[in-house]
Amino acid sequence: AQKVTQAQTEISVVEKEDVTLDCVYETRDTTYYLFWYKQPPSGELVFLIRRNSFDEQNEISGRYSWNFQKSTSSFNFTITASQVVDSAVYFCALSEGQGAQKLVFGQGTRLTINP
Amino acid sequence: NAGVMQNPRHLVRRRGQEARLRCSPMKGHSHVYWYRQLPEEGLKFMVYLQKENIIDESGMPKERFSAEFPKEGPSILRIQQVVRGDSAAYFCASSPGRGLTSQQYFGPGTRLTVT
Numbered sequence: 116a117q118k119v120t121q122a123q124t125e126i127s128v129v130e131k132e133d134v135t136l137d138c139v140y141e142t143r144d145t146t147y148y149l150f151w152y153k154q155p156p157s158g159e160l161v162f163l164i165r166r167n168s169f170d171e172q173n174e175i176s177g178r179y180s181w182n183f184q185k186s187t188s189s190f191n192f193t194i195t196a197s198q199v200v201d202s203a204v205y206f207c208a209l210s211e212g213q214g215a216q217k218l219v220f221g222q223g224t225r226l227t228i229n230p
Numbered sequence: 026n027a028g029v030m031q032n033p034r035h036l037v038r039r040r041g042q043e044a045r046l047r048c049s050p051m052k053g054h055s056h057v058y059w060y061r062q063l064p065e066e067g068l069k070f071m072v073y074l075q076k077e078n079i080i081d082e083s084g085m086p087k088e089r090f091s092a093e094f095p096k097e098g099p100s101i102l103r104i105q106q107v108v109r110g111d112s113a114a115y116f117c118a119s120s121p122g123r124g125l126t127s128q129q130y131f132g133p134g135t136r137l138t139v140t
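Just so you know, the protein sequences line up as chains P and L, in that order. Per the working numbering, the very first residue in the first sequence carries number 116; after that it's consecutive. Per the working numbering, the very first residue in the second sequence carries number 26; after that it's consecutive.
This is chain P alone, in the form it adopts within the complex (with noise of 0.2 Å):
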């Protein structure tokens, strides 16, 4: 069964610290997508990356970076230098083949950046 674990369920650190949300994985196919959602306290859905299961490329856009890796079934995300902007609920989510394409997500994790 599809299944997605965010271990933890709140971080908060100091504004420009590091910070890296974790993203643990189960599916019985080969063919997936994982997928970031942020959550601002505003409420709405804000997609911020998809990645397919064939391109274990770690990707990096601006302070945001994603560690892919299939061998620990792992998908973590890494804040660098964190804004009190990036304050929200993180949700990591998996979408898996064969037809209809619902997503199964994570509990989330609640970050929360202090100036």
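A few of these clues could be false.
[Claimed, not checked] From the structure, some residues in chain P lie toward chain L, with a derived Cβ separation under 7 Å: (1) Glu159; (2) Lys217; (3) Gly223.
In short, the hints are calculated from the structure, not lab data. Note that the coordinates shown come from a computational prediction; the quantities given were computed from them, not determined experimentally. Built from N, CA and C at the ideal position, the CB exists for glycine as well.
With chain P held as given, fit chain L onto it using these hints.
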């Protein structure tokens, strides 16, 4: 190009009333997904629809909940005889096609409060 629209953004219902949540997909999208986010939890898949068809309703509660996506007009998620436990944020997502390569785009959500 307008994004996914959901209305109302906030809905208050008394126990026993009916709630109707609407979702207008992005232009050109014929696939709609509904997710529910209970307080302090991640999103849970409810139902996946194409125009005039329910493709996957494995996440829908068996009673009181129904969904439709008519040939014309928005998708509707209907909750009959609401109870306090239905209080949640309901997100709709749309995609242009079926399958893993088809990205889902989320709406801003409808916050349902049952008093």
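Hints versus structure:
| no. | hint | in the structure |
| --- | --- | --- |
| 1 | Glu159 | holds, 5 Å |
| 2 | Lys217 | holds, 4 Å |
| 3 | Gly223 | holds, 5 Å |
Comparing the model with each earlier hint shows no violations; every hint is respected.
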